[in-house]
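J.: Sequence:
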Amino acid sequence: MVKRRSEILMIFSVSNIQRITFTIVSLALATSLQAQHPRGGVLIDTLKIWDQAPHNAFTDLIHFNGSFYCVFREARYHTWDDSSVLRLLKSVDGEHWSSVATFRSLIAEYPDIRDPKLAETPDGRLMLIAAVARIDGGVYQTLVSFSPDGNEWGESTSIGEVNMWIWDITWHEGVAYGVGYYTKSDTSCFTRLYASQDGMNFSVLVDTLFSASRPSETSIVFLEDHTAVCLIRRDFDEADPVANAQLGLADPPYTEWSFVDAGTRLGSPSLLRLTDDHIFMGARLYNNWARTALLRLDIEQHKLTEFLSLARSTDSKGDAAYPGLVFHDDYLWVSYYSSDPVETAVYLAKVQLKLPSLTVNPASIDFDTVAVGDTGRAVLTLTNTGSADLNLKDISPDHSYFKINAYTPVVPPEGQQDVEVLYLASHRWRPFRFHHDKK
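Oh and the sequence shown: position 226 is 226 in the numbering used here, straight run, nothing missing.
These are computed hints drawn from the structure, not numbers from a lab.
Some hints here could point you the wrong way.
Derived lysine to aspartate or glutamate pairs resembling EDC-like cross-links, with alpha carbons at most 20 angstroms apart [said to hold, decoys possible]:
(1) Lys393 to Asp276
(2) Lys90 to Glu120
(3) Lys354 to Asp276
(4) Lys403 to Glu343
(5) Lys350 to Asp51
(6) Lys48 to Asp319
(7) Lys48 to Asp340
(8) Lys354 to Asp45
(9) Lys90 to Asp51
(10) Lys393 to Glu224
(11) Lys350 to Asp329
(12) Lys184 to Asp136
(13) Lys393 to Asp340
(14) Lys184 to Glu161
(15) Lys354 to Glu414
(16) Lys393 to Glu420
(17) Lys48 to Asp366
(18) Lys354 to Asp319
(19) Lys350 to Asp330
(20) Lys403 to Asp374
(21) Lys184 to Asp237
(22) Lys48 to Asp93
(23) Lys393 to Asp374
(24) Lys90 to Glu152
(25) Lys393 to Asp225
(26) Lys90 to Asp45
(27) Lys303 to Asp261
(28) Lys393 to Glu300
(29) Lys350 to Glu95
(30) Lys393 to Glu414
(31) Lys350 to Asp93
(32) Lys354 to Asp329
(33) Lys184 to Glu109
(34) Lys403 to Asp418
(35) Lys184 to Asp235
(36) Lys90 to Asp340
(37) Lys350 to Asp45
(38) Lys403 to Asp389
(39) Lys393 to Asp298
Based on the sequences and whatever the hints tell you, model everything.
T.: This is how it looks when you write it as C-alpha cells:
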C-alpha cells in the first residue's frame, strides 16, 4: 500500500500557518464598543506636551523610525494669523518631547499656515502636508515637504489647485490619495479626490466626490480587500440644518463612490484601521457639548459609536480636537488640542483599547504518515489573551485537502477553543513524497 508522509513542509509550512492565523485575525476579530463604556477603551494617561504659544492647535501624530512625531500650529488665535508657525515635536517614549523643526509660509501673499498632517511614504520618508492661506482666508494653497529622518526637511512644493485644500493624505499600494475641498465661500462647496504616484504631482481622480451641505475635512483608510473608506465633515447650510458627516465607500479604481449618512455631525475626522472589524476615529463631536472624542466605525452597520471623551473640560466651546491617532506597543496614542479660559494647549492621551488577541498553539502541524485515502487529525488551540470577545467568523484553510471541523464561534477573554484540523490524503495532490524500501 502506498503511504504518504505528510510533513510541515508539505502541509502547513510556517508561512502557511501564519497565513491561517492572519485569516482568523483579519476576518474574525469583533467586539461591541458601547458609548462611554469602559469596554471600548480605558484612558491610561493624559500629558500636556506643548503650551508655549497663545494658541496651540490642529495636531497630527505618527510613529516613524522608532519615535513619535507630533505636529501642530502655533499662532495667536484660531483664525488666520500672519505670525503662525508649524512646530514638529519628537519623542521616543511619548513622555519626553523635544522640538525638532518649525515651518513658516514662504509665500508672501499667503502668510498663514495651518492644519498640518503627517504620513510615511512608501520609500520610508516622512511627509508633511499643510495649507497656507491669505490673511483674510480668501485663498488657500496646499503644500508638501519631505524628510528622510524627521529632522532635515526639503523645500515645500505646491500640490493640487488653488482653493482646493487637500486636507490629508493616505498612502495605499504605492499611491497617495487625498480629498480636497473648495474653500471659496461665495459658491457651493464640493470635494475632489486626488491621487499621486510620488506625493508631489497630483491628478484628479474624481472631479466632484461629494457636494451637499458644505463638505470639507476628509479622512481615508483602506480595507484588506482594498475597499476605500472615507468620512467627510459637513457644516450647516440652509438646505441641511443637521449636516451629519458622510461615510463613503468605493472599490478600486475609486472612481465610483456610494455615500450614507454617518449619523452624527463631526469635525476633524482622523481614521485609523487596525483590522476591518476594528476601525477607530478621533474627531470633534458637537452633540451636548463640543469635545475631542474617540469612536469606533462599524462598516457593515454604517455606524459610529463613541466610547471615550478626551476633552479637558466643557470650556472648550468648540475649539478642540484635530486629533492624530497611532497604535503602538498595544496602546492607542492620541494627540489633540483643547481650550479653556486660560490656554489652548496640545495634549497626548494614552488609551488601552478593549480588544481580543489571538494566539495559536502549536505554531505548526505535522500529520506524520497518512495513507492515501485516510484522514489525519490534529488539534489547534486558539487562546484569546485579550480583553474582549474573540468572534471567529471564519477559519479557512488554503487548500481543499484540509478541513476544519465545527467550532464554537465566540472565545471569551482568557478563554480557549480547540479546533480540529483534518488532512484528507489524496493521490491527486501534487507535489508529494513517496517513502519506500529500496530493492
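J.: Now, for every hint given, state plainly whether the structure supports it.
T.: Results of checking the hints against the structure:
Between Lys393 and Asp276 the CA atoms are separated by roughly 12 angstroms; this keeps the pair inside 20 angstroms, and the hint holds. Pair hint Lys90 plus Glu120 holds up; C-alpha atoms about 15 angstroms apart against a cutoff of 20 angstroms. Distance restraint check for Lys354 and Asp276: the Cα-Cα separation of roughly 16 angstroms lies within the 20 angstroms cut-off, and the hinted pair is therefore satisfied. The hinted pair formed by Lys403 and Glu343 fails the criterion: a straight-line CA distance of about 62 angstroms is larger than 20 angstroms.
In summary, the hint linking Lys350 to Asp51 is supported, as the alpha carbons are separated by about 19 angstroms, within the 20 angstroms threshold. Distance check on the hinted pair: Lys48 and Asp319 sit about 16 angstroms apart at the alpha-carbon level, within 20 angstroms; holds. Distance check on the hinted pair: Lys48 and Asp340 sit about 13 angstroms apart at the alpha-carbon level, within 20 angstroms; holds. For the hint linking Lys354 to Asp45, the alpha-carbon distance of about 16 angstroms falls within 20 angstroms, and the restraint holds.
For the hint pairing Lys90 with Asp51, the CA-to-CA distance comes to about 15 angstroms; that is within 20 angstroms, so the pair holds. Taking the CA atoms of Lys393 and Glu224, the gap is about 15 angstroms. The hint holds against a cut of 20 angstroms. Distance restraint check for Lys350 and Asp329: the Cα-Cα separation of roughly 11 angstroms lies within the 20 angstroms cut-off, and the hinted pair is therefore satisfied. Taking the CA atoms of Lys184 and Asp136, the gap is about 11 angstroms. The hint holds against a cut of 20 angstroms.
A threshold of 20 angstroms between alpha carbons decides the hint, and for Lys393 with Asp340 the separation of about 46 angstroms lies outside it, so the pair is violated. Taken as a hint, the Lys184 and Glu161 pair is honoured in the structure, with Cα atoms around 12 angstroms apart against an allowance of 20 angstroms. For a cut-off of 20 angstroms, the pair hint linking Lys354 to Glu414 stands: about 13 angstroms separates their Cα positions. Taking the CA atoms of Lys393 and Glu420, the gap is near 16 angstroms; set against the 20 angstroms cutoff, the hint holds.
Using a Cα cut-off of 20 angstroms, the hinted pair Lys48 and Asp366 is violated, with the two alpha carbons roughly 53 angstroms apart. For the hint pairing Lys354 with Asp319, the CA-to-CA distance comes to about 29 angstroms; that exceeds 20 angstroms, so the pair is violated. Of the pairs offered as hints, the one joining Lys350 and Asp330 holds, with about 10 angstroms between alpha carbons and a cut-off of 20 angstroms not exceeded. At most 20 angstroms may separate the alpha-carbon atoms for a hinted pair to count; Lys403 and Asp374 meet this at roughly 13 angstroms.
With a C-alpha separation of about 15 angstroms, the suggested pairing of Lys184 with Asp237 holds against the 20 angstroms cut-off. At most 20 angstroms may separate the alpha-carbon atoms for a hinted pair to count; Lys48 and Asp93 meet this at roughly 14 angstroms. Pair hint Lys393 plus Asp374 does not hold up; C-alpha atoms about 29 angstroms apart against a cutoff of 20 angstroms. Our distance criterion of 20 angstroms between C-alpha atoms is met by Lys90 and Glu152, whose separation comes to about 13 angstroms.
Among the hinted pairs, Lys393 with Asp225 is consistent with the structure: their alpha-carbon atoms are about 16 angstroms apart, no more than 20 angstroms. Taking the CA atoms of Lys90 and Asp45, the gap is about 18 angstroms. The hint holds against a cut of 20 angstroms. Annotation: proposed proximity of Lys303 to Asp261 holds, straight-line Cα distance about 9 angstroms (limit 20 angstroms). The hinted pair formed by Lys393 and Glu300 meets the criterion: a straight-line CA distance of about 14 angstroms does not exceed 20 angstroms.
Taken as a hint, the Lys350 and Glu95 pair is honoured in the structure, with Cα atoms around 10 angstroms apart against an allowance of 20 angstroms. Restraint check: the Cα-Cα separation between Lys393 and Glu414 comes to about 18 angstroms, which is no more than 20 angstroms; the hinted pair holds. A distance of roughly 11 angstroms separates the Cα atoms of Lys350 and Asp93; the hinted pair therefore holds under the 20 angstroms criterion. Only pairs whose Cα atoms come within 20 angstroms are accepted, and Lys354 paired with Asp329 is accepted, the gap being roughly 14 angstroms.
Restraint check for Lys184 and Glu109: satisfied, since their Cα atoms lie roughly 16 angstroms apart, inside the 20 angstroms limit. This hinted pair checks out: Lys403 and Asp418 have alpha carbons roughly 14 angstroms apart, not beyond 20 angstroms. Taken as a hint, the Lys184 and Asp235 pair is honoured in the structure, with Cα atoms around 14 angstroms apart against an allowance of 20 angstroms. Our distance criterion of 20 angstroms between C-alpha atoms is broken by Lys90 and Asp340, whose separation comes to about 25 angstroms.
For the hint pairing Lys350 with Asp45, the CA-to-CA distance comes to about 5 angstroms; that is within 20 angstroms, so the pair holds. A C-alpha spacing of about 25 angstroms is found between Lys403 and Asp389, which places the hinted pair above 20 angstroms, so the restraint is violated. A hinted pair counts as satisfied when its Cα atoms are at most 20 angstroms apart, and Lys393 with Asp298 qualifies at roughly 16 angstroms.
Violated hints for the displayed structure, listed by number in ascending order: 4, 13, 17, 18, 23, 36 and 38.
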